[in-house]
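Asker: Here is what each chain is made of, one letter per residue.
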Amino acid sequence: MAWFSLILAGLLEAFGVAMINQLHVNRNWRTVVLLIIGFGSSLILLGYSLQFLPMGTAYAIWTGIGVVGGTLIGMIFYGESRDWRRLIFIALVLCAAVGLKLVS
Amino acid sequence: MNRNWMKVFVAAFLEIFWVIGLAHAYDFWTWTGTIIAIIVSNYLMITAAQVLPAGTVYAVFVGLGTAGTVVSEILFFGEPFKWKKTLLILILLIGVIGLKLVTDNNSEEGAES
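Residue numbers (the working numbering), protein chains in the order written: chain P, -8 to 95; chain A, 10 to 122.
Some hints here could point you the wrong way.
[To be verified] If we take Cβ atoms under 7 Å as the criterion, some of the chain A residues that face chain P in the derived model are: (1) I55; (2) Q59; (3) A68; (4) T75; (5) I100; (6) G104.
[Said to hold, decoys possible] Here are some chain P residues the structure puts well away from chain A; computed CB gaps all over 10 Å: (7) W(-6); (8) F(-5); (9) L(-1); (10) L2; (11) Q42; (12) F43; (13) L44.
[As the list claims (entries may be wrong)] Facing chain A, a subset of chain P residues (Cβ under 8 Å, in silico): (14) V8; (15) E71; (16) S72; (17) R77.
Honestly, the hints are just simulated from the structure, not real lab data.
Ideal placement from N, C-alpha and C gives every residue a C-beta, glycine not left out.
Throw the hints in and build the complete structure from the sequences for me.
Answerer: Below, the structure is given as C-alpha cells:
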C-alpha cells in the first residue's frame, strides 16, 4: 500500500507538470483546479508513504517518476523539444537529484 | 539573465525553505511561513513554465531545490558532509547550466512564445 501510494504520488506529480503545459494551451479555471489537485494529492500520498518507507528512497522515486513522466508527456503531447542535448542535461539533473536524495 | 530563468531560480531557492519547513516547522508562524513559501515558489515555477518548456523548468526546479536543501542541512542542521554530495551537486549544476544554454537557443529558433 505504501509503495502503491508512492508510485501514484509520482504519477500525479507528472500529471501536475502536464497541467502546467495544459495551462499554456488552455488558460482556464478547470486546468488550474486540476493542477492544484494533481500536485496537492501527490504531496498527501507522498506524506502517507513516507510513514512506511525510508525517506531518501521514497523522495528519489517520487522525483524520478515526476521528472521522467513530466518530460515524456511534454514531448509526446505538448510538442516540447526532443533535442538530444536537452534530454542529456535533464538526465544529468535527474541522476544527480536522485543520487543526492539517496546519499542524504 | 532572462526574467523567466530568474523566476525558476527564485522558486528553487524558496523550495529550500518549504522543504526544511515541512520537516522542522513546529508552531503557527513557522507553518504559516512554510505554506507561503510553497504557494509563492510554485506560483513562480508555474508562470516561468508558461514561457519556458515545462519539463525543463520542473527538472531544474526540483534539482536545484534538492541541492539547496542538502547544502542547508549540512550547514544548519548538522547533516554529515560527504564528497559524494559535492560531486553530485557539481553534476547537477552542469545539467542546469546546459539546460539554460540549450533552451535559450531553442527559443530563438522556435520563437513559439
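Asker: Each hint should be assessed against the structure and marked as holding or not.
Answerer: Here is what the structure says about each hint:
1. I55: Constraint on I55 of chain A satisfied, holds at 5 Å.
2. Q59: Holds. Min distance 5 Å.
3. A68: 5 Å, holds
4. T75: With Cβ-Cβ at 4 Å, under 7 Å, it holds.
5. I100: Interface hint status for I100 of chain A: holds (4 Å vs cutoff 7 Å).
6. G104: 3 Å, holds
7. W(-6): 21 Å, holds
8. F(-5): 22 Å, holds
9. L(-1): With a cut-off of 10 Å, L(-1) of chain P remains clear of chain A, as the shortest Cβ separation is near 18 Å.
10. L2: 14 Å, holds
11. Q42: 14 Å, holds
12. F43: 17 Å, holds
13. L44: 16 Å, holds
14. V8: 5 Å, holds
15. E71: Check passed: Cβ of E71 of chain P comes within 5 Å of chain A, closer than 8 Å.
16. S72: 5 Å, holds
17. R77: 5 Å, holds
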